[in-house]
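Undergrad: What follows is each chain in one-letter form.
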Amino acid sequence: NAGVTQTPKFRVLKTGQSMTLLCAQDMNHEYMYWYRQDPGMGLRLIHYSVGEGTTAKGEVPDGYNVSRLKKQNFLLGLESAAPSQTSVYFCASGRVSNQPQHFGDGTRLSIL
Amino acid sequence: TQLLEQSPQFLSIQEGENLTVYCNSSSVFSSLQWYRQEPGEGPVLLVTVVTGGEVKKLKRLTFQFGDARKDSSLHITAAQPGDTGLYLCAGAGTSNSGYALNFGKGTSLLVTP
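Going line by line, the protein sequences match chains V and C.
This note's numbering puts the first residue of the first sequence at 1, with every later residue one more than the last.
This note's numbering puts the first residue of the second sequence at 1001, with every later residue one more than the last.
Just chain V, same shape as in the assembly (with noise of 0.2 angstroms):
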């Protein structure tokens, strides 16, 4: 039962170079979803998809780009990584809107 996938894991980026985060999802939903997660901040939506070939933005968007090509992908990118951006990222998927969500374990990502 693989669910949601995240890949790379873990990933420390110097300022200014860029990234992309891979989600996979193997249940077939039409929505997914990025999110991160700070300390105290709790989780905050970047950027989210209802099907493929669409994107929308989410609470915190700027500085990251997102593509839905295929439907049980979902690419976050990092054009220009800044320390800011240092952060858990996750991935979630689901089947229709405001249905529970299946998440990913999360990629941690450094920015230094």
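Keep in mind the hints are simulated off the structure, nothing from the lab.
Mixed in with the good hints there might be a few duds.
[To be verified] No farther apart than 25 angstroms at their CA atoms in a straight line, the calculated lysine-lysine pairs in the DSS-like style are these:
hint: 1; chain 1: V; residue 1: K9; chain 2: C; residue 2: K1056
hint: 2; chain 1: V; residue 1: K70; chain 2: V; residue 2: K57
hint: 3; chain 1: C; residue 1: K1057; chain 2: C; residue 2: K1105
hint: 4; chain 1: V; residue 1: K9; chain 2: V; residue 2: K57
hint: 5; chain 1: C; residue 1: K1056; chain 2: C; residue 2: K1070
hint: 6; chain 1: V; residue 1: K57; chain 2: C; residue 2: K1105
[As the list claims (entries may be wrong)] Just so you have them, the derived chain C footprint on chain V, three or more residues with Cβ under 8 angstroms:
hint: 7; segment: 39–50
hint: 8; segment: 102–108
For every residue, glycine included, the Cβ atom is placed at its ideal position computed from N, Cα and C.
Place chain C on chain V using the hints.
TA: Just chain C now, kept in the frame of chain V:
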């Protein structure tokens, strides 16, 4: 954004004690979820409540949705060390406030033997 306030922020109790954590908002939600998150892992869904006044039980955990659908509580009876974790509530809006859940900041629970 529809804000959810969770209390207490931290809770440390001994095995066998009872506890209640709260999730409050000034907004009405169409449904509310409770998750538990363990260190190094993603949140795992415990329950979804939909109807005002609804009560759901999951073994020693009892979840209640307020009559006005603005608040919820989680009661744990006879807590065990395995209950240790971060408990998150998340509410789904009734309006077109977005497709995603709004999360509270969580209650961090530590149960010691």
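Undergrad: Determine for every hint whether it applies to the structure shown.
TA: Do the hints match the structure? See the list:
1. Between V:K9 and C:K1056 the CA atoms are separated by roughly 35 angstroms; this puts the pair beyond 25 angstroms, and the hint is violated.
2. Distance hint between V:K70 and V:K57 is fulfilled; the C-alpha atoms sit about 18 angstroms from each other, no more than 25 angstroms.
3. Only pairs whose Cα atoms come within 25 angstroms are accepted, and C:K1057 paired with C:K1105 is accepted, the gap being roughly 23 angstroms.
4. For the proposed pair V:K9 and V:K57, the alpha carbon gap of about 24 angstroms is at most 25 angstroms, so the pair holds.
5. Restraint check for C:K1056 and C:K1070: the C-alpha separation of about 17 angstroms stays at or below 25 angstroms, so the hint holds.
6. A distance of roughly 21 angstroms separates the Cα atoms of V:K57 and C:K1105; the hinted pair therefore holds under the 25 angstroms criterion.
7. Taking a C-beta to C-beta cut-off of 8 angstroms, the segment 39–50 of chain V contributes 8 residues in contact with chain C, enough for the three needed, and the coverage statement holds.
8. With a cut-off of 8 angstroms between beta carbons, the segment 102–108 of chain V has 5 residues touching chain C; three or more are needed, and the interface restraint holds.
Of the numbered hints given earlier, the model fails hint 1 alone.
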